[in-house]
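Novice: Protein sequences appear in the order of chains A and B.
Residue 1 is where the first sequence starts when you use my numbering, and the numbers rise one by one after that.
Residue 1 is where the second sequence starts when you use my numbering, and the numbers rise one by one after that.
Treat the hints with caution; some may be incorrect.
Said to hold, decoys possible - Just a few of them, taken from the derived set where beta-carbon distance is under 8 Å, the chain A residues facing chain B: (1) Arg194; (2) Asp510; (3) Pro514.
To be verified - Pair ranges (Cβ atoms, derived): (4) B:Pro41 / A:Lys340: 41 to 47 Å; (5) B:Ser27 / A:Ala147: 40 to 46 Å; (6) B:Tyr74 / A:Pro514: 18 to 24 Å; (7) B:Ser76 / A:Asp152: 50 to 56 Å.
What the hints assert, rightly or not - In silico DSS-like links for lysine-lysine, alpha-carbon gap of 30 Å or less: (8) A:Lys100 / B:Lys103; (9) B:Lys48 / A:Lys457; (10) B:Lys103 / A:Lys371; (11) A:Lys600 / B:Lys48.
The set of hints was computed from the structure by calculation and includes no laboratory data.
Small disclaimer: the values here were computed from a predicted structure and weren't measured.
We put the beta carbon where it would ideally sit given N, CA and C, even for glycine.
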Amino acid sequence: MVSIGKRLHLEGIAAGRLAKPMALVLLCLLLSLVVWVMDRRSLSVQPLVGVIGYGFFVNALPFVVVFLLLLALSNRLSSGLLLTLFLAAALYGANYLKIKYLLQPVAFSDVFVLREFHLSTLHLLDNYAHPFWLLTAIVLLLLMVLATFRYDPGFFRRRSLARWGVLGVSLLACACVVASPAWLGDVYSSRRLRVVPWSPERTMLHAGLAGAILYSDVEYANALREPVSPEAIDAFMKLKPPATVTPPTVLPAASPAAVKPDVVIVQSESFFDPEILKDIDDNASLLPTLHKARAQGLVGAMKAPTFGGGTLRTEFEVLTGVPMLAYPEISFPYLQINRKHIPSLVQVMHQDGYAAYAVHPNDGNFWDRNKAFKAMGFDRFFSKKDFPASARHDGWYIADSSLTDMVEGLLSKATRPTFIMAISIEGHGPYEHVPVDDKAAWGRIPVPAGWPPKAVKEYRNYVYHISDADHELGRLWDFLKARNRPFVLVFYGDHLPGLQYVYEAAHGFDNGRPANTQRVPWVLVGGNGARPAQGRKIYSWMMGSEVLGAAGIKRPPYYTMLDRADRLLDAPGGGRLDTTVQDGIDSLARLYLNGRPLPKLSQPAAQPDTDVAAGATAKGAAR
Amino acid sequence: MNRLSLLRLVALSGALSVLSGCGHSASLEVSPTHFLECHGPNTVVHVKWRVSRRVKLPVTIYVSRLGHPPVPWYSSSERVGEQDTGDWIADGSSLMLRDGHGKTLVQRTVTSDDCPKTGG
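Please model the entire structure based on the sequences and the hints provided.
Specialist: Here it is as structure tokens:
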């Protein structure tokens, strides 16, 4: 009897010792479950879909590590749990908002936005999340954490070895995330996580948001080390572009003394033509300049690499000619490509004797443009601080009319041919509530009958501002024409806006495809007119080549390749790039961005529009 | 098991049942809930719904592709019914049963599985 009693006593002690680790394991499982439900909710899928799968556990790992770290540091179970849950809620809240507005989940590369955090970033985020509630939540959390120190007894005993053990393990886990050792790549491998490279949402569905982010973290080190495929380049070079889709205009021979056209590119914030919506038939009264350009055969359709936001992706493609697809791990090129020199259109223009300016009425640090534009070689970047304090505002930001004022001012003072990259911001969302200067004009915007009030309001809020953009395009066109100097004027939307109600109310798009696959209009006025934009479908990375062609500037080798891809797209049955062209250009872009020599074309690509500055002179001034 | 432990267990079960959507007066069955992607990225699913008398009619089934807002697919004034979708259910597509007020009663998400590897 005595030995049985002793055994029971010893078992009781052992059970007591096991109680805390058991409780901790159960708590970690519960935390994993709660985090998984948050993950599913932020993705708007069934709360427990995929639970207890591989993704469930690898998604939970970072949260469990954070929880254990906080527990070891604070020695309070409740404060560790509260802080971890708050961090998870903040992450998933951001994810929900990003999917809602930008149709893509939070990604590892978003840390680059936080790294370059400025007041302007805060101002932008302020439009999407309510800082009052966030601040209230933080204050409440701090009060609760303080209360735990008062009322929650310590989890570990004094001088507990277990506490040091937990601290050591969790710190080691954090160090692993930073160092990304090979074995972590095995845990967070694309095969195990079922990563879908072209669909971040599906990757998140399989791996959870944290799982997907950690996967990208492991992969990030290799982001710029995308391989060059000589076979892909070879296959691309063997393709034969059609001789000349549009016959070149017969132009007088270029003379060295020919006047070079000024080149102005306007990247218009969120501009697209709502006529591509099923319910919208005619908006000529709202976008008269676009219609005028279309009537003159000057409007094409362009595929931008982003939707709802991420302006810099389109901007990067236009300025460098490098497709974002060449670097699938890079989402924010200005932030992620940290180089003193980035090859760009600017350098080509410089070599031809141009002055080059960038103009954007937002904080110059936003998207790290100050640094990126310097690396691309702009002579000067005019940002918000260079606009007069009295500059007109409309919407959330400085109005497009002020941007035009600045462009006109620069051209008026120019003493040599000038290239201006003007990036507008008036049309920026969100569009649910956006200030408008002219309420009467806003109220006159026609809306299809039967639309719900929220869609009506959002549509008017959006169209009001793109109508301004269209007006400014007309104003700039008139200004350039009146100068009696040759010019090339390019105008395009950087992406479609992330409208919440309009797309659904309008019953989708004429072509039946989703919003994030639609194209934006591009307008090219002036130039030699050899390849009019009308009806041509291009990708934004082809824009630089289009500009050089229209301005009669000789294309350097990489731009010759882009022109080749452009012409292949024009071939019968073209309109979408096949993989041979895309893979070839991706590999060539990797060589180009890294300053490596490009293969030579055995036969020079047809360049009917490249040798005629004089042509640009004649036609540009005439239009 | 003491009373406190019992209470904790009940609270936990309650929380889990709310999370898993057991508290609704409606059901939505989707078949299959998983499909193999061997024969393409999309599939057809069979949908059955049942709502109690407390639910306001008509009920509408919304469909959302992953990362996209839901769009109405099928509306009915019947409390019980079934319907086949078209061949447009993809990995992560959700079907949502909403009542006459537009409140989501149940949500089901269809997921895909990789094709089993054959041979070496």
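Novice: Run every hint past the structure and note whether it holds.
Specialist: Going down the list of hints, with the structure as the test:
| no. | hint | verdict |
| --- | --- | --- |
| 1 | Arg194 | 6 Å, holds |
| 2 | Asp510 | 17 Å, violated |
| 3 | Pro514 | 7 Å, holds |
| 4 | B:Pro41 / A:Lys340: 41 to 47 Å | 43 Å, holds |
| 5 | B:Ser27 / A:Ala147: 40 to 46 Å | 42 Å, holds |
| 6 | B:Tyr74 / A:Pro514: 18 to 24 Å | 20 Å, holds |
| 7 | B:Ser76 / A:Asp152: 50 to 56 Å | 52 Å, holds |
| 8 | A:Lys100 / B:Lys103 | 19 Å, holds |
| 9 | B:Lys48 / A:Lys457 | 37 Å, violated |
| 10 | B:Lys103 / A:Lys371 | 49 Å, violated |
| 11 | A:Lys600 / B:Lys48 | 62 Å, violated |
Consistency note: the structure conflicts with the earlier hints numbered 2, 9, 10, 11.
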